[in-house]
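J.: Take a look at the letters that make up each chain.
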Amino acid sequence: MKDIVSVDHLRVEFATGDGPVVGVQDVSFTIAPGETLCVVGESGSGKSVTSLSLMRLVEFGGGTITQGALTFMRADGTTLDVTAASSQVMGQVRGNEIGMIFQEPMTALNPVFTIERQLTDGLMLHKGLTQEAASARALDLLKSVRIPEPERRLRQYPHELSGGMRQRVVIAMAMACEPKLLIADEPTTALDVTIQAEILALINRLKRENGMAVLFITHDMAVVAQMADRVVVMYHGRIVETGTVEQIFENPQENYTKALLAAVPKLGEMKGKAAPERMRLIGDEAARAAQTAPKSRKPEVLLQVKNLTTRFPVKGGILRRTVAQVHAVEDVSFTLNVGETLALVGESGCGKSSCGRSILRLIEPTSGEVWIGGRDIGALNHHDLRRARADMQMVFQDPFASLNPYRRLKAQVAEPIQNFGLASGTDLEARVVQLFDRVRLPREFMTRFPHELSGGQRQRAAIARALAVNPKLIVADEAVSALDVSVQAQVLNLMMELQEDLGLSYLFISHDMAVVERIAHHVGVMYLGRIVEIGPRAAVFDNPQHPYTQSLLSAVPIADPRKRRFADDLAFKPITSPIFPLSYQPAKSTYTEIAPGHLVLNA
Amino acid sequence: MKRFKTTKGMIGIILLLLIALVAIVGPMVIPPDAATAMDMRARRAPPSLTHIFGTDQLGRDLMYRVILGTRTSLEIAVSAVVMSIVLGLPLGLISGYFGGFVDNVLMRLVDTLLAFPALLLALTISAVLGPNIQNTIIAIGVAFTPYLARIIRGEALRVAQMPYVEAARSAGTTDLMIMWRHVLPNILPAVIVQGTISLAFAILAEAGLSFLGLGTQPPAASWGLMIQASRDQLDIAPWTALVPGLAVALTVLGLNMFGDVLRDILDPRSK
Amino acid sequence: MTYVLNRLLSVILTLFLITLVTFAVTNILPGDVAMMIMGTQSNPEALAGLRESLGLNDPLLVQYGHWVGGMISGDWGNSLIFKKPIFELLAQKAAASAIIVAMSMIIALALAVPLGVWAAVHRDKWQDTVSSTSALMGVSLPDFFWGILMILVFARWLGWFPSSGFVDPAENFLGTLRHAFLPSLALGLGLMAHLTRMTRSTMTGILNQEFIRVARAKGLAERTVIWRYALANAIGPVITIAGLQIGYLFGSIIVMESLFGYTGMGWLTYQALLNRDLPLIQSTVFVIAAVVMLTNLAVDLLYVVIDPRIRLG
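Protein chains in written order, with this note's numbering: chain A, 1 to 603; chain B, 604 to 874; chain C, 875 to 1187.
Among the hints, erroneous ones may be present.
[Unchecked claim] Straight line, CA to CA, 20 Å or less: simulated SDA-like cross-link-like pairs of lysine to any residue:
| id | chain 1 | residue 1 | chain 2 | residue 2 |
| --- | --- | --- | --- | --- |
| 1 | A | K315 | C | S884 |
| 2 | C | K999 | A | K563 |
| 3 | C | K999 | A | T64 |
| 4 | A | K588 | A | F312 |
| 5 | C | K999 | A | F312 |
| 6 | A | K315 | C | N880 |
| 7 | C | K999 | B | T610 |
| 8 | C | K999 | A | G164 |
| 9 | C | K957 | C | T1098 |
| 10 | A | K315 | C | T1098 |
| 11 | C | K999 | B | D863 |
| 12 | A | K573 | A | T64 |
| 13 | A | K410 | B | R772 |
| 14 | A | K127 | C | K999 |
| 15 | A | K271 | A | K563 |
| 16 | A | K410 | B | L856 |
| 17 | C | K999 | A | K180 |
| 18 | A | K315 | B | P630 |
| 19 | C | K999 | A | G62 |
| 20 | A | K180 | A | G17 |
Simulated from the structure, these hints should not be mistaken for lab results.
Just need the whole structure built from these sequences, with the hints factored in.
T.: The following block contains the structure:
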């Protein structure tokens, strides 16, 4: 059968002030009709440039195709040389014969036009439909992507729809003219895991029903395992390896592919193991072997949270009075032992971040107690709170924003030590050197500014800063989420090593179930501000009892092509709003203990 | 474009250096009373070898007067902008960093002041205080303060929400030290850019005030005053308007070009 | 609806604050107002009489109360130099200035929007350089200098427009427009430069957004993408920015109307300031600030109508 797309030795360059920069080079692959080809790579690998070239959209970003051939088989059976096509011909192909969906559903729709207008303009342009016919077709499209209340959606504006619904609209737009090829550029990266599962299932169904080919671009190996027929692995603008999905996952040939796969945690691989394990890193086997067997320390409580509640006012009305409240954290209780990791997991808006911040009193909780080292943090005055913060530090998600761009790293790591008067002069210098060694940052980085470092290096510096005051507790808020997977594995291993050596406790806030399964001792699942299920990691992952935990776990893509889970349409219960009127009196959180330490919220 | 930006920056810097040189060195090297000496036989003389830029209605040499005017203009503009930064920086910093009630009160006041056109406010203050150089500085300085405060407040608000400020807070850094070590350095680029652009506006405001007779007073030399005096003789001696007008334009152009390039260099978001 | 009500309440509070600031600027500053008005050489009895008639011997709070109370009841006092009721004067001159402000805004927008879009679309190319250079030139010349150039070229040399004066629009509306054109053009050019730069940066931001890429991926023509998809999003911010420039315009008309002998609000304000006509200063300053504030409010409300995110949010 003839290929629908063939890319041959593609080279794309970008004009910059410092001369041309190569985006991709020597890229060749083909897509057969009806197959899904996944292009996978870390940031900067050139995977998006490839797909944009196919649409000749790369020119709008300052890129030029300088070499190679791009051939597309058109609907009428003729082949089109995309590199030489006129802008008129490309206008006929785009949106008509090739559909495309992008990463950011929040910004992919024009905010000042209705959904109807955005769905119909392509139809009227390409298919010559009348306004009425196009509107009717638009309604059918919304039904086919299973949007609730499709008639009403047509008249709505994008901001009135949730992220998941918007991505469905974008897919409906791409599908409008029944293209033979769908290009999906990181279509689920910005979405929560249950919505990701729904969208992936939707793409699979549409592909099956319409017999179209899919070019799927992603950085997530687990998504690749779930979606791909064949895989192209890219690195630094070049293709590293091509093969069927089974070949790539079960018998990778290139070292880069092997390393990439090794660093990806697979959900379910910790079944039957009691203690956390370090991430696999190629070339790091020795370190992993050196992992000390978990010290059987006597459980000793470090942090105890009792009935913690945080609400934010919603202001409104004439006098900017509080008219409602966001119940961000609602009656949350748990304990965290010395030297252990408690992971708080959940989807965006579930209150896991607010919970971490409330514990450190970076935001003021509404009520509840936080005991650490025999002190109730909530009862401390301003002065004592400052002192008490030496015991608890935070590592933030965005390594670019958590370091002051105008201070040298040395000064930033030394700052907490100076604040508490822990050391000065040569002692201070020695302590900072020791901290840099501890997080394995070269000492010459001490005099550098944050912008001279990579994301992983910055996160190491942020960890060094957190360690500077010898804290007992570190709250890590999505601390590795912004990092590429291999860097993520390195930083996680560093954190686990520090835990073993220093007896640190982590409150690990994350949306990534596969990572949490590997590193946590205990897991708390949060939903609408409450912990719905909490217990030892093995108990929660192997025997989930709360319906939300079960759906969350069933939505996680597994990095194994033989364990596919998104063939049929999925519909998870949408998360409702945590905003309530002032008069609302929430019920107390009560739990049933189904196994020692394994608690499930009563309905 | 990058080349255009660097050429633009170079032109801006060269213009500013030249103007600064004229303002500082100029008054020292020209003959002491050259700018006030009236040559009644050469009134409204067109540019020539004896009077390179020509003379005005009293036969005074325009080149010397423009040089003296450069010093007056820059003196007033720089002092006024410094004054508005000194007033606006703490106001905006405190408002943006602490937020809440303080912010509400301060920004309500600033919003009210912003309803008064800067030139109107400056003219009124100058008229009430009595026009002279010192009061012109006060008038422009006060009139510009709400704009500075507004911009600085926005920047401080942005920076105060950055994770590195939260990190510093959880590391036990006091509010005062956070403002000094973390907020101030990060808003400084914006303040410098805004200061440069405000300088351009201050030059224009001073010229406007003097043009209306409510700024610098004769016999002091000022570009605005010179343009004012040229109004009645535009037909017969257009150079008396063009020479000081060009001086204003070149200075403001230099400041704007420099400010644009500065914004691109200093704004980390533009990278 | 609550949004509109909210804004209206805040308007009343701001109006009150404007009276406070106006009063503070004109009264608390040092200097004897009576002396300022009559000069240092005037005889003591006349000074005392003036003080009495202006109510200057009362405590400041009482004076403030008199002033605000008078304005609410419609008695705005008399101008010292024109010997006429201030309210009457202001009503007369306001229309003249409205013509200039509206005309210069139209000129500025009509030139700035196409030029700014053009520059944003051809970002980093020669078109952008041309546009940004001319914008730079525009903001670098004082607007009264533009005015002088206009007089020189269009009035003196070409003789197309009158160089000064004002015609009552009730008698000869075309004549009014002819007189208003040069000052409006001079004001519009300075404003145009600023708006061009703002349009360019707004459009650049919008053209970098994902929905523009989506529109292109749908196969829409580049013309449609820019002039429908992108501009529909830019128009709100551009109008907001233009609205904020009303304040700048009301400052500049003081210079421009005086230069062109165009007897509007700006000219009136200038006469009041020059002659230290305190009651007239207070009233003109207050009215200009109030008008600026109300225009900004109107623009905000217009934005609500334009942008569905606020309208329906």
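J.: Hints first: check each against the structure and report whether it holds.
T.: Checked hints:
1. K315/A to S884/C: At roughly 16 Å apart (the allowed maximum being 20 Å), S884/C and K315/A satisfy the hint.
2. K999/C to K563/A: violated (52 Å)
3. K999/C to T64/A: At roughly 16 Å apart (the allowed maximum being 20 Å), T64/A and K999/C satisfy the hint.
4. K588/A to F312/A: Since the Cα atoms of K588/A and F312/A sit roughly 19 Å apart, the hinted pair holds (cutoff 20 Å).
5. K999/C to F312/A: violated (48 Å)
6. K315/A to N880/C: It holds: about 12 Å lies between the C-alpha atoms, which stays within 20 Å.
7. K999/C to T610/B: holds (15 Å)
8. K999/C to G164/A: violated (39 Å)
9. K957/C to T1098/C: Status violated; Cα separation ~60 Å.
10. K315/A to T1098/C: Status violated; Cα separation ~40 Å.
11. K999/C to D863/B: The given pair, whose Cα atoms are some 17 Å apart, holds under the 20 Å limit.
12. K573/A to T64/A: violated (45 Å)
13. K410/A to R772/B: It holds: about 18 Å lies between the C-alpha atoms, which stays within 20 Å.
14. K127/A to K999/C: Given that 20 Å is the threshold and the Cα spacing comes to 36 Å, the pair is violated.
15. K271/A to K563/A: Between K271/A and K563/A the Cα gap is close to 15 Å, so the pair holds against 20 Å.
16. K410/A to L856/B: Between K410/A and L856/B the Cα gap is close to 41 Å, so the pair fails against 20 Å, i.e. violated.
17. K999/C to K180/A: violated (37 Å)
18. K315/A to P630/B: At roughly 60 Å apart (the allowed maximum being 20 Å), P630/B and K315/A break the hint.
19. K999/C to G62/A: holds (12 Å)
20. K180/A to G17/A: Outside the cut-off at roughly 38 Å; violated.
In this structure, the earlier hints numbered 2, 5, 8, 9, 10, 12, 14, 16, 17, 18 and 20 are contradicted, and the remaining ones agree with it.
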